[in-house]
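Enquirer: Assemble chain B onto chain A, guided by the hints.
Chains A and B, in that order, are what the protein sequence lines are. The letter at position 78 of the first sequence is residue 79 when you use this note's numbering, and the numbering goes up by one with no holes. The letter at position 692 of the second sequence is residue 1349 when you use this note's numbering, and the numbering goes up by one with no holes.
Since the hints were made in silico from the structure, they are not lab data. Hints may contain errors.
To be verified - Sample of chain B residues lacking proximity to chain A, with all beta carbon distances greater than 12 Å (derived):
{"no.": "1", "residue": "K688"}
{"no.": "2", "residue": "V996"}
{"no.": "3", "residue": "V1064"}
{"no.": "4", "residue": "V1095"}
{"no.": "5", "residue": "D1150"}
{"no.": "6", "residue": "L1355"}
Said to hold, decoys possible - Here are a few chain A residues that face chain B, going by a calculated C-beta distance under 7 Å:
{"no.": "7", "residue": "P62"}
{"no.": "8", "residue": "E63"}
{"no.": "9", "residue": "R71"}
{"no.": "10", "residue": "E81"}
{"no.": "11", "residue": "V84"}
By construction, the Cβ of each residue, glycine as well, lies at the ideal position given by its N, Cα and C atoms.
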Amino acid sequence: MPRYVVERTFPEGLEIPADARGATACLGIVERNADDGVTWIRSYVTGDRSKTYCVYDAPSPEAIRRTAGRNELPVDRITEVRVLDPYFHF
Amino acid sequence: MASTIPATGFELLERTDELEALAAALATVDKSGWGKLALVRGEAGVGKTALVDSFVGSLQGWRVLRAACEPLHTPSPLGPFLEIADTVGGELARIASRGPQPYALTAELLRELSARPAVLVIEDIHWADEATLDVLRLLTRRVESVPTLVVGTYRDDELTRNHPLRAVLGEFGVHAVRVNVIPLSQAAVAVLAAESGLDADALYRQTNGNSFFVTEALAAGGAGVPETVRDAVLARAARLGNAARRLLDAVAVVPPHVERPLLDRLLPAADTALDECTTAGMLRAASGRVGFRHELARLAIEDTLPPGSRRTLHRAVLAALGDADPARLAHHAEEAEDVEAILRFAPEAGKRAAAVGSHREAAEQYARALRHADDVEPSVRAGWLVLRAISCYLTDQNAEALEALRVAIPIYHELGDTISEGHALKRLAEYLWCPGYVEESRAAALQAVALLEPGGPSRELGLAYDQMAFLAGQGSRSDEARLWWNRLLEVADATGDPELEALGHARGSAVAFETAIDHGLITRAGAIQLGLAADPLWERRYDDADRSGRVALAFCSDHGLELYRHYILSWLATGALEQGRWDEAVDCADQILRTPRASTSPRILALTTIGLVRARRGDPDPWSPLDEAYALGTISGELGRMVRPAAARAETAWLEGRENEIAALTDEAYELAQARRIGWAVGALAVWRHRAGLAVELIDDVEEQHALEINGGHAAAAARWTELGCPYEAALALAETGDEILQREAFDQLQRLGAAAAAARLRRSGVRGLPRGPRRTTRENPSNLTTREVEVLRLLVEGLRNSEIAERLVLSERTVHHHVSAILRKLGAGSRTEAVGRASTLGIL
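One chain only, chain A, in its complex shape:
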């Protein structure tokens, strides 16, 4: 399955509290993604929490957009990527 980096902008800052509420929010997203075969691997969030770079496995860019809509998440750009591991060569 292709892997994608999805860039998102949150003008008011992304808010996912580090408590049970946050956990529920994340799990909800994971569950809604599963319907389209989309797996959220992890996200990198900028210091001001206005931008995220999210790594996903998904069958197609359409599936990424469909689940983003369902999760009310913005999408700026989707890029297909491959893994490059710097330590692989050691």
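Expert: Okay, now just chain B, sitting in the frame of chain A:
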């Protein structure tokens, strides 16, 4: 894990979660009154039936309707649903007894279930015949409307890539509760082994926790663990007496179970033997039927029968069955190698299967007869070949359909049966066109006409003319099409044939549809609906196209015309794409691409839609779908299939800033369009060649907006596009004006559409004053509902159900389900009614 092990019955070790999932699904149905589908899957012998047994055993106050699909090579069409109809009785049984179409049976079943709720269990749907799958598919689309839990079980280890169940499972979507029955854990196997004295580790290693294998290994009672399930079953059977063993053999050749009267005829006075087998746990006797406790055990016993005694047993069954279902008789006839019986029952079974729409089974029954038909009269054999071809064609086995016709045609020729030969050639033309053999198709149709014309007006000649008119129309040769058309009208007049009469009305007119319906010509009526849906789209009357597309989709869905559904979906996708509703376009296209059908035309449009949406949004990999679409279009050599992929590839190159490639990408299609003088095609391609700086030559009937763009009237072209309802094309035209105010307007429009790539290109072109950063499209109403969600909300106000909303908006039910959940969440509402109330308080509607 100990706490999850119930005290009674070891078959149900570690099934608490699965039982709870089923119970929860049923509780939802009970509370909401909306039906649900539950799918129970797992490998053979893992314990699906035991799970269902335990689930239905625990129910109180629910009516349980239960049936299983048969493990026959060619099962009887609608088998499980006919069995259920028999149990229910009344109107359902009456309809079932008349060899119903799947939609008719489903409609009555839904009426029955809405009057009297039930838990409806269909087991082993991996063995289901095509008509049964159609009923399941239709039932699932409507399941929300009846307070019923539908449970389907299947072996997931038997689903090959092209297994017919796969496509159906895809359509079930997320509405289904999915229960995956996994093998027992090592701990559970140890618990079971504890009482037996068998080595627990060895037992687990050998059986991998497969419940049936574990049970058999324990029952085999040897010192060691048997190597295979088969060994375990045989070890158990070896301890039975001779009479009991004979009984096992007889039951083994009658899958899935043998009725008591039949058994009595086969083996009179077998009561003692039967007691011995049931006590030993090999057979189960219930509701007047005797069968193996598990299909794996039956197979193990059947495998040990020497060919001779197997044949003898099947002969005895065939003789004892009398006048049973011909599908069943054909099965035993073939196993008994009784050619006369095969030739008697297989075609009859084929005829019945085709009548209820089980074309996969019909094709196999005719193949069965044809394998033994060397001495059959040639005209009869040719007739079976044609019937096999029809059933193959309708089930996407195109190569087999063509093969059968190519054998049948020379037989008719030899017989001098010109009418049948001509008609088979017309069919050949029809079947050749679908996968894209356009030239061959035309040659066959011309040959049909040449054969049939000397015989004067006939139904077959009319249909051949219709085929010629169709091919000419598809090939964008409208003068020629009109010519064939007029000949068709003459023949229709001369013969008074109702099908020709339906065809003789303006293609795709309401009158034609009525005529077809009046004469019960369902497939023809569906074909007419295709015309009603397509014509307004090609004329860019989008409102009409959307409306008639939805009507046509509903008609074809209800009547199981799956092939036609794909055509309609591809047009709905194209219409949504051109109107800037890209999510919807992608949803429709996805539905087509999920099923591996051979029809090229819908696939080309679906791939083009996906590729273009990706390109415009700047999403990854627009080229794979576009290249595939173009390749499919070029193979057919048909202009209508080449233009859209060619234009889409040109646009994608343009968006990527590679205008210099546009000439090469469009040359072939453009030259063909010019040679044929087809206005819409020349215009669609000329626009991109013009943008790439190539000189273009316009012809008379190029669409107005294309001509305007090429002649420099960009603002006027934009206005025309807007008037037509195509916001993206309008924005592109505005962007060409060179007027910064209009270009900023274009930029905003592109942003609104999510056309990031086109917006970026405009920015690269140096237009000043364009805003930076992404837009926040969902911030436009107080509760952050998206445009789509507001649309769904409006339909909630009308009191529509998800299935109805799905139909109205041409979305899948699961998408609607998600929109509704999002609406409830965003409005903080607990129910649909509450959401509607909230929305009107907030002034969203």
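Enquirer: Decide, hint by hint, whether the structure agrees.
Expert: So, going through the hints one by one against the coordinates:
{"no.": "1", "hint": "K688", "in the structure": "21 Å, holds"}
{"no.": "2", "hint": "V996", "in the structure": "50 Å, holds"}
{"no.": "3", "hint": "V1064", "in the structure": "41 Å, holds"}
{"no.": "4", "hint": "V1095", "in the structure": "31 Å, holds"}
{"no.": "5", "hint": "D1150", "in the structure": "50 Å, holds"}
{"no.": "6", "hint": "L1355", "in the structure": "36 Å, holds"}
{"no.": "7", "hint": "P62", "in the structure": "4 Å, holds"}
{"no.": "8", "hint": "E63", "in the structure": "5 Å, holds"}
{"no.": "9", "hint": "R71", "in the structure": "5 Å, holds"}
{"no.": "10", "hint": "E81", "in the structure": "4 Å, holds"}
{"no.": "11", "hint": "V84", "in the structure": "16 Å, violated"}
The structure is inconsistent with hint 11 alone, although it conforms to all the rest.
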